[in-house]
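Each chain is listed here by its residues.
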Amino acid sequence: MNDHLKHLAREAALGRMGRREFLGRAAALGLTALGANSLLATAAKAAGAQKGGTLRVGLQGGSTTDSLDPALATNQVAQSVIRLWGEPLVELAVDGGIEGKVAESYEASADAKTWTFKIRSGITFSNGQPVTAADVVETMDRHTGEDTKSGALGIMRSIVSVKADGDSVVVELDTPNADLPYLMTDYHLIIQPNGGKDDPAAGIGTGPYILKSVDMGVRFVAEKNPNYWGDLGNADTIEYVVINDNTARVAALQAGQVDMIDRVPPRTAKLVDRAPNITVKSTAGPGHYVFIMHCDTDPFANNDVRLALKYGINRQEMVDKILNGYGTIGNDTPINASYPLFTELEQREYDPDKAKFHMQKSGYDGSILLRTSDNSFPGAPDASALFQQTCATAGIDLEIKREPNDGYWSEVWNAQPFCTSYWGGRPTQDQMFTTAYLSTADWNDTRFKNEQFDQLLIAARGELDTAKRTQMYADMSTMLHNDGGLICPMFNDFVDAMSDRVDGWVDDTKGYPLMNGYAPMKMWVKA
Amino acid sequence: MAPILKLLAQRIALSLLLLLMISVVIFVGTMILPGDVAQSILGQSATPEALANLRAELGLNDPPVSRYFQWLFGALQGDLGNALTSGQDITSAISTRLANTLFLAFWAAVIAVPLAIFLGLLAVRYKDRWPDKLISGVTLASISIPEFLIGYVLMYLIAVKLRWFPSVAMINDGMNLWQKLNSIALPVAVLTLVVLAHMMRMTRAAILNVMQSAYIETAELKGLSTFKVIWRHAFPNSIAPIVNVVMLNLAYLVVGVVVIEVVFVYPGMGQYLVDHVSKRDVPVVQACGLIFAAVYIGLNMVADIVSILSNPRLRHPK
Numbered sequence: 001m002n003d004h005l006k007h008l009a010r011e012a013a014l015g016r017m018g019r020r021e022f023l024g025r026a027a028a029l030g031l032t033a034l035g036a037n038s039l040l041a042t043a044a045k046a047a048g049a050q051k052g053g054t055l056r057v058g059l060q061g062g063s064t065t066d067s068l069d070p071a072l073a074t075n076q077v078a079q080s081v082i083r084l085w086g087e088p089l090v091e092l093a094v095d096g097g098i099e100g101k102v103a104e105s106y107e108a109s110a111d112a113k114t115w116t117f118k119i120r121s122g123i124t125f126s127n128g129q130p131v132t133a134a135d136v137v138e139t140m141d142r143h144t145g146e147d148t149k150s151g152a153l154g155i156m157r158s159i160v161s162v163k164a165d166g167d168s169v170v171v172e173l174d175t176p177n178a179d180l181p182y183l184m185t186d187y188h189l190i191i192q193p194n195g196g197k198d199d200p201a202a203g204i205g206t207g208p209y210i211l212k213s214v215d216m217g218v219r220f221v222a223e224k225n226p227n228y229w230g231d232l233g234n235a236d237t238i239e240y241v242v243i244n245d246n247t248a249r250v251a252a253l254q255a256g257q258v259d260m261i262d263r264v265p266p267r268t269a270k271l272v273d274r275a276p277n278i279t280v281k282s283t284a285g286p287g288h289y290v291f292i293m294h295c296d297t298d299p300f301a302n303n304d305v306r307l308a309l310k311y312g313i314n315r316q317e318m319v320d321k322i323l324n325g326y327g328t329i330g331n332d333t334p335i336n337a338s339y340p341l342f343t344e345l346e347q348r349e350y351d352p353d354k355a356k357f358h359m360q361k362s363g364y365d366g367s368i369l370l371r372t373s374d375n376s377f378p379g380a381p382d383a384s385a386l387f388q389q390t391c392a393t394a395g396i397d398l399e400i401k402r403e404p405n406d407g408y409w410s411e412v413w414n415a416q417p418f419c420t421s422y423w424g425g426r427p428t429q430d431q432m433f434t435t436a437y438l439s440t441a442d443w444n445d446t447r448f449k450n451e452q453f454d455q456l457l458i459a460a461r462g463e464l465d466t467a468k469r470t471q472m473y474a475d476m477s478t479m480l481h482n483d484g485g486l487i488c489p490m491f492n493d494f495v496d497a498m499s500d501r502v503d504g505w506v507d508d509t510k511g512y513p514l515m516n517g518y519a520p521m522k523m524w525v526k527a
Numbered sequence: 001m002a003p004i005l006k007l008l009a010q011r012i013a014l015s016l017l018l019l020l021m022i023s024v025v026i027f028v029g030t031m032i033l034p035g036d037v038a039q040s041i042l043g044q045s046a047t048p049e050a051l052a053n054l055r056a057e058l059g060l061n062d063p064p065v066s067r068y069f070q071w072l073f074g075a076l077q078g079d080l081g082n083a084l085t086s087g088q089d090i091t092s093a094i095s096t097r098l099a100n101t102l103f104l105a106f107w108a109a110v111i112a113v114p115l116a117i118f119l120g121l122l123a124v125r126y127k128d129r130w131p132d133k134l135i136s137g138v139t140l141a142s143i144s145i146p147e148f149l150i151g152y153v154l155m156y157l158i159a160v161k162l163r164w165f166p167s168v169a170m171i172n173d174g175m176n177l178w179q180k181l182n183s184i185a186l187p188v189a190v191l192t193l194v195v196l197a198h199m200m201r202m203t204r205a206a207i208l209n210v211m212q213s214a215y216i217e218t219a220e221l222k223g224l225s226t227f228k229v230i231w232r233h234a235f236p237n238s239i240a241p242i243v244n245v246v247m248l249n250l251a252y253l254v255v256g257v258v259v260i261e262v263v264f265v266y267p268g269m270g271q272y273l274v275d276h277v278s279k280r281d282v283p284v285v286q287a288c289g290l291i292f293a294a295v296y297i298g299l300n301m302v303a304d305i306v307s308i309l310s311n312p313r314l315r316h317p318k
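Chains as they are written, first to last, in this note's numbering: chain C, 1 to 527; chain A, 1 to 318.
Derived from the structure by calculation, the hints contain no laboratory data.
Calculated pairs, DSS-like style, for lysine-lysine (alpha carbon to alpha carbon, straight line, at most 27 Å):
no., chain 1, residue 1, chain 2, residue 2
1, C, Lys-270, A, Lys-161
2, C, Lys-118, C, Lys-510
3, C, Lys-321, C, Lys-354
4, C, Lys-51, C, Lys-526
5, A, Lys-180, C, Lys-212
6, C, Lys-354, C, Lys-449
7, C, Lys-197, C, Lys-118
8, C, Lys-526, A, Lys-161
9, C, Lys-224, C, Lys-510
Taking beta-carbon pairs under 10 Å as the criterion, some of the chain A residues facing chain C (in silico):
no., residue
10, Pro-48
11, Ala-50
12, Asn-53
13, Thr-96
14, Pro-166
15, Asn-172
16, Val-265
17, Lys-279
Computed from a predicted structure; not experimentally measured. Backbone N, C-alpha and C fix where the C-beta goes; we use that ideal spot for every residue, glycine too.
Isolated chain A (complex conformation) (with noise of 0.2 Å):
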């Protein structure tokens, strides 16, 4: 098992490398970013005097790079810092829009992946005839729609039309966990919409490619079902393409989703982000860019030991 180890133990220590590096890009990006965080603090309606008076206040005025390394150890522990606008602790404020980003992505998930890997394997066993059309045909149309079009389209036939289900998606602790997933159920499925094109595509290209192979065949001579055929024999074996492409679709569903956010006003990480960026609230963005970035690393890193773990040839290298 020595070699495996040392294989995972070299993935976590690049992933930590990388996530170093793109705090480095983060922080650079948001000191370039035009504008001025007091004007655009205090709008249209600031005094020269009272700019003055927050910029001193905000240390707008030490060196970058000693700012940086602050904002680096005080992440390292937990310590993300105040927010300029509003002077709260980020990292509390973060915790309860990331909960419930995470909430919305667990449910759409949830939903998502097993019914595109369900319909990768219908499109395969039916392939070339009409469920495998039929199934392609709905999901690429799904993607290829923009998501706030979908979003609006369900907004009126669903919430305004047959009022089945509320069409802002306002959900807070007061709730109870069947009114909350009544609340979310318009975001969730437009997010179901969207990613189940990419997953279910991937499934049957990766499961037809295998399909390909002599075992299939023999599997076939020995007269198993085709259901069965894909499920022991072909499913196995195309595991890493799909698991990584299920994570990359499990990092939009953490990091992408703003538009359906605003939409449908769900008060996630991604309208809490984009106000503060308009704002040139830095730490905000910088603590939001740190963990969309952790997200997205720690999914494919995910994918990687899936793949590495799946594969035989990887598991015992020679």
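So that you can see chain C by itself, here it is in the shape it has in the complex (with noise of 0.2 Å):
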């Protein structure tokens, strides 16, 4: 039976076969979708990534602005640029476990204190240096240093001290951490020689390509690293376009001009997909659209007030006509399938009586006001108004307030008692609840603030008994479900779309859109 399923494999794999079919007929032999569509990938993987040519890219979210120093990079185009030609220690793999990059192996103490991470033997950067674990030392200490600017100062707070030692790097903590790989795959944490002291922007990494011509907001061209280590890396050139006009994206991949986009608004995504030559992909996340309310103002400090707000949306009509049905939805935690040791909790319901119930108990009679702006999330006004007309229902009198793109972040989010935002999410929950729900956090955008939550939190880290340390997420979840100050209807898909020239795509990548980020690499161009 097994023969007879890795030759189905390979029949579709070289497209003897419809995907549909070779799905249908492994199911037959017992084999479920999950089990078969990783089977596929592998079969496509071995029937033949081809080298060479030119892939190009368009993506959305680039500014002339942008630099190439990691520490500064901010947005999803940056990102991208970057995976190009600088690589982390350790990187999410394609399940959402850890592989190694710049790192080969790495252990931890008992206590998860101490790990030590052993760098690659015989590496070089893209300039001939070779990759030494005092680059490494440096790296990390460029991103901690008092001075520093990296978006990745919050995560190395714990970090007590990284040394060298021999051909590895020892990295010791102040309180036990069971996750610290997954904090070592943040792309600012790029290995750059001398920690990129010297000349943070030269863009000269270990990475798989190294780039040709840089113009920042509008195109980057990067040729294959001929000294690379590994196998990554398809394509001999890969070519990105910043398009940050929805239409115009789109376009450019139906001229043919570009060979795949990322976020295609889900809104047309089912036209672009009847388009001929065109396939779109999506791709579950741990990225949310949330309604915050601030726990220690009032009204919002009375717990029922925001229990008649989470019991006054309705999730599923959100996922329908806000994300077009590329989402799930949310339950009022920001945890979701696509962390590793999710629990389900029991899904929330709209529920009209209930949140007039809780409104009434509350005490609290007046309107509530709502800010909101279209930046905060794709359709965040219409999601405003679908939650208005949901409360009215309960007769809650929900107020909006549209304020300007322009400065949302810093007048509004993390700044106003409600309003609407998003999250993209982070690999662990560890990594979620530390950036955004422990009382001392600074982004702790809900004002959440539980002894007992924090505590489960640091006791989570150094709990190395996974049936534990679900548990212990499970049950701060359930805080987060009925007291925090998290209202989320939805979690929103990738949504991707490449065109026949390309193939290689493989489902249900972790992490970010256009397969973590790794799509133009791991893809290829067929001949």
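Using the hints, put the two chains back together into the complex; each one sits in its own frame.
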């Protein structure tokens, strides 16, 4: 039976059998859809990644103000460009695990407080310099120094010291953290010669490609690095074009000027998929669109007001109308099935009666001001209007204030008591909770301060028993679900599209859009 | 010739004064924008320490008046400072962008201006007959449709369906002139459609105005053909208003095409300015504002001078 399956997979990969037909036949042989899909992906890989050619990608989110300095990368384009020329110590694997990059292996002490990363031997930067443990130490130092502007500073705080030890790097933490390797996958933490202290924006790293032409916010061209240590990278040349306008990006794909694009607007994704030679790929991820209340500000300081609003939102309607089905419903926690230790909680449904009950119980009868803007998430003003209507059914008066995009992240988000926002998610629960729900977190945008939650979070970091740890995260999610200031109606899928000219897509890759940003390198141009 | 030189000198001095006043307005305007440079640069994912470090480094704590004079003297010497966000030298970054913008504006103008004037003359020649109505109808329709929509329609028909020209107007140094022209064909077409109507209508109106004059009747009575009358006798006397409107449209082609740049992903000044506005990169915004103001004032000054020179009454004042 196993041979039969392998044969079917090979047939499907070679295009002699449709994917759907393959899945059907595999199911007949007793294989689950998930298993069959991954078998298919493996077979496709084996069936022939083709080397050579130029692969062109249209991306959203770049700006002329971007920098090549990984510490300053804030958007999708900057991050995708970094992936070409540089690598962190370790990286998120397709299935959400960890794979080695600059570090070939790592191990933890029994208390998960001391971590040792062994540097891959014999690899060099693109300027020919060999990679040493000292480079790694300097890199970590640049992102933790007092005067750093690095976006990774927040996650580096728990690190007490980083020292070189022969060809290894030893990282000491102030508290145990079983998830440290996940922190090291952060896209800011690219290993650079001397830590990038001499010239942070030089674009010199150990990545599979070397930048040849850089025009910020416009175009990037990179060629295959002949000395790269691994087998990543199929096309000889990769070209990134920044196309921020949605219509223009889709048109460029249709006109054959680029081979793949990210962020297809959900509203038109089905139409785009119907176009000949174009396939739309949707990937579930940890990103979510949120309504956030400050738990320490009236009227939201009263948990009954928070519960009333949580019951007053119709999550399914939001997924249908705002995401056009490209997403899943949320459950007032930032965690969904894309996290490794996820436990499903009972789903909170839209219930106007309960909403009314909690509102009356709270004793608050004024109107509630919700601030929103176009850039807080795509369709945020529309989602706010839907929320307003479902609240009205429950007798809650929601007032919407439209704020300008300009300055939203400095004046409204994390400043006003109730507004719309989004989160990109993180690879692990610990990182997500630490970033936004720990009492002392800088971005605690719901002002959620719960001692028990904090204690559990710290304890879970040092807990190496997976079952116990899973239970701890489930308990924390329940606390947020019942007491938190987060109303999470939906998790948005990443929607990418590509033409028939390229092949090698792998479904359900964890992380960011376009196969965690690796699609241009892992996919190939069909000969 | 003395009075005319004096008049020209006056015009130029006035323009420079105006530019200086505008520099103050730009500086004050950028000062009172809401939001914080450091937060805009580092984005949603900025920590308070990182923000404080960046603010100190950018010198955002100096008094505004001293910053204005530093900036003004620098700008006079051709040094526009460094961008806050990327640390790049603004003068060199802007010069490539400005060259791209001028390249696009130049080719749009090369097509649109003669076409508009020719269509205007044609409309006068066949006044109130079908060519006049057709020309007016089409050009008025094209100016009434928002430019991004014309862009999308042309993109769909010409780039996606027919595949004659690319939808992404990417140009770079590695391309020869022919490749560059091929690349900017669509934006040039859209810009032409957008500016055509204004210039064409003004040409038509100005010439028709002159056509009422007695000397035109004389020319007709001499037995000259209608086209010759228009070209030799009416057109030279209506140059001033036509040049005015042509200059206004040229200025628009340089400073007002950001929407077209976004739609066609053209690396010009507009997109460069908008990106830096949203990041609160004040030095770049000021530099772009100054250049745009200079272009506007300069072209209007040219229009003024041409109308003075083309008008004998102004050329020889009593």
